[in-house]
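If you're matching them up, the sequences are chains D and L in order.
First residue of the first sequence: 709, per our numbering; consecutive thereafter.
First residue of the second sequence: 17, per our numbering; consecutive thereafter.
It should be emphasised that the hints constitute simulated quantities derived from the structure, not laboratory data.
Ideal Cβ placement from N, Cα and C applies to all residues, glycine included.
Take the hints with a grain of salt, since some may be wrong.
To be verified - Examples of chain D residues toward chain L, derived with CB under 10 angstroms:
1) V761
2) L764
3) S766
4) G783
5) T787
6) I826
7) S829
8) I832
9) N835
10) A836
11) V837
12) K841
13) A849
14) I864
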Amino acid sequence: MGRLACLLIFAGLAALLFAAPGHEAASSGPPSGPEQTLPTQPLAIVVNRSNSVDDLSSTELRRVFLGERSHWPNGRRITLVMREPGEPERKTILRDVCQMNESELKNHFLHGLFTGEILVSPKILANAVGVRKFVFNVPGAIGYLRLSDVDNTVKIVRVDEFLPEDKGYKLHVEVRPGN
Amino acid sequence: MRSAAKYEAAQSPVVLVPTVDRVLSAVLRHNATLLLVLVFCAVAVVGVFVIRDLQTANAEAQNIYAVSVQGLREIGELQFDAQETRRATLYALTTNDSNLQLEYADQSRDADRRVTDGIAQYMHQAKLPAEVLLAGRLTHDWANYLSIRDEVLASILEGSTKEAVSLDLSGGVPSFERVRQDLNEVKRSYDDQASQRLAMVVGTSRRSAVRLIGILGFTFLLSSTAVWAIQRSRMLSAIQLAKLQMEFVASVSHELRTPLAVLSSAADNIADGLVEGKADLKKYGTVLQNQSRQMSGLVDQILLFASTEDRKRRYVLQPLEVTQIVEALEASTHELTQGAGFAVERHIEPGLPQVMGDLSALTQCLQNLVGNAVKYGSPGRWIGLRAFRGHAEHGEEVRISVSDKGIGMDRSEIPHIFEPFYRSPRVNAMQIHGTGLGLSLATRIAETLGGRLSVVSELSVGSTFTLHLPVAERERLEMSGVGSQPNSSKQT
Chain D
709 MGRLACLLIF
719 AGLAALLFAA
729 PGHEAASSGP
739 PSGPEQTLPT
749 QPLAIVVNRS
759 NSVDDLSSTE
769 LRRVFLGERS
779 HWPNGRRITL
789 VMREPGEPER
799 KTILRDVCQM
809 NESELKNHFL
819 HGLFTGEILV
829 SPKILANAVG
839 VRKFVFNVPG
849 AIGYLRLSDV
859 DNTVKIVRVD
869 EFLPEDKGYK
879 LHVEVRPGN
Chain L
17 MRSAAKYEAA
27 QSPVVLVPTV
37 DRVLSAVLRH
47 NATLLLVLVF
57 CAVAVVGVFV
67 IRDLQTANAE
77 AQNIYAVSVQ
87 GLREIGELQF
97 DAQETRRATL
107 YALTTNDSNL
117 QLEYADQSRD
127 ADRRVTDGIA
137 QYMHQAKLPA
147 EVLLAGRLTH
157 DWANYLSIRD
167 EVLASILEGS
177 TKEAVSLDLS
187 GGVPSFERVR
197 QDLNEVKRSY
207 DDQASQRLAM
217 VVGTSRRSAV
227 RLIGILGFTF
237 LLSSTAVWAI
247 QRSRMLSAIQ
257 LAKLQMEFVA
267 SVSHELRTPL
277 AVLSSAADNI
287 ADGLVEGKAD
297 LKKYGTVLQN
307 QSRQMSGLVD
317 QILLFASTED
327 RKRRYVLQPL
337 EVTQIVEALE
347 ASTHELTQGA
357 GFAVERHIEP
367 GLPQVMGDLS
377 ALTQCLQNLV
387 GNAVKYGSPG
397 RWIGLRAFRG
407 HAEHGEEVRI
417 SVSDKGIGMD
427 RSEIPHIFEP
437 FYRSPRVNAM
447 QIHGTGLGLS
457 LATRIAETLG
467 GRLSVVSELS
477 VGSTFTLHLP
487 VAERERLEMS
497 GVGSQPNSSK
507 QT
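Please model the entire structure based on the sequences and the hints provided.
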């Protein structure tokens, strides 16, 4: 019994040691050596061209993407367009705009729809082209696209008065091979 | 009123070889060729009309296809694409998958783009005011429908199915119905145009058929008439020739029988010993001699006519002095004119140029004219021989005329007097015998020598026959050497 207690104490100490800052990645996968910085690309927030909104603050953007704001100033209902879970663009929005993970976001929308605080759940689209077409077709739609996927069928919205090309723009998505 | 007929060959073509005779002669000689030419011309005319009608029908058919059939096809495509626009929009209602809804939206937009392009093309092609008006209305109605369609699509994509259905029922259905009616009206317009053009083609075809039948009928009629005319002309000529030949045989028989009767009678008298003494014998000998010469002359004339039948008799042409010709004529006809008691008056214009001719043939030709003057100039018993200079179309010529103050000729007889075997009924009635070959023979000789005959005659006043001879060309004279080498002349 004393030997078991000693083992448990040792294991607890080891866990505390590996749980220290700087070792989180190592805890969930194989050791990867020194951390590498992947190239990034701006992630543009896009709306329908008929939408009169040109600029959104980070706070307003968060409220929109969390479904807390349901209508645009012109009265049009806001339709949120998201990529499928796991896509880098979605990760960026969750991390930098919603500041939630997938489950938290899911719970948030389930709760909102149940209580009636949120009217419509986000539309999930498979690819960037779908997002672009959706935003083009729906006047109240808002979505996100890599800057390279944006064309003149949609309109880019400034975030905190920054355009994606600007230096202080906050939203960036990692560019992985194959993305 | 006394009928007077004066004909001059140089002024009136009916005198020597009348135009009608020439045409008939040509028809007889070239009837097959003429018929072929006629048929060819008719076929060519028919061909031209057929080709023109075919081209017209072809152009009309192409026009119908290009304008009406093609237009109908395009309108059919427009109707289909308009339905496709609506179908794809409504299909988007059947799913909640946003990705699938977007595919339907894309299909709807592709179809509406084709419709918009088609309407723009129709508007561009519209020319009639009604078409322009219709195109404008269609464009407007289609734009209205598209704006509602966009709202419906947006509602579907937003997930507001109820709102989408409501929008479509309130605005989409009526506006699409207006578009459908507009397209049907366009289709009717094309139908009407096609019907009108088809009616035009049918009219053109009917007109062409009537024209073809008419032309073919005309061609058939023309050919039949030509064949009939040729056959009739040949038949009449054959009948006329046979009649003339019969008359000729009768006339020659008569001409031969008289001297034969005299010869027979004289021979009988001599054989029976009724002729005694040298004086009677001489008298009978002279009679026999004259009758034999008369018969011989008649036979010679017939043989000469036969030899000139094909007008290819060869003569030796040489430069001749007119005086030489007239003197030869006088010598050969002296006995005849003197015997008949005719006074011959001769006038030769001084300084006449030489003529090209065959002395023997020319003498024979002029002998016939003098013989006729003796035969038909009894009332006046006067013969005028005149040689003078004249001008023809081809240049200078020499004319030798033989005139008489005899019975003359009626106007209607003149066109026939140069025909072989022709004998005037008036002359027959007057018991003036002949073969009907003299003037024909004279004409043939004149034409063969490059000249011609003309006549001026007045009934009961007299006649003047003129032989027109070409002047010998200087070059030819120089080549042949006038007088020194007469036989070196060209033969015709």
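Checked hints:
no.: 1; hint: V761; result: violated, 17 angstroms
no.: 2; hint: L764; result: violated, 20 angstroms
no.: 3; hint: S766; result: violated, 25 angstroms
no.: 4; hint: G783; result: violated, 14 angstroms
no.: 5; hint: T787; result: holds, 5 angstroms
no.: 6; hint: I826; result: violated, 12 angstroms
no.: 7; hint: S829; result: holds, 8 angstroms
no.: 8; hint: I832; result: holds, 7 angstroms
no.: 9; hint: N835; result: holds, 8 angstroms
no.: 10; hint: A836; result: violated, 12 angstroms
no.: 11; hint: V837; result: holds, 9 angstroms
no.: 12; hint: K841; result: holds, 5 angstroms
no.: 13; hint: A849; result: holds, 8 angstroms
no.: 14; hint: I864; result: violated, 20 angstroms
Checked against the numbered hints listed earlier, the structure breaks hints 1, 2, 3, 4, 6, 10, 14; every other hint is satisfied.
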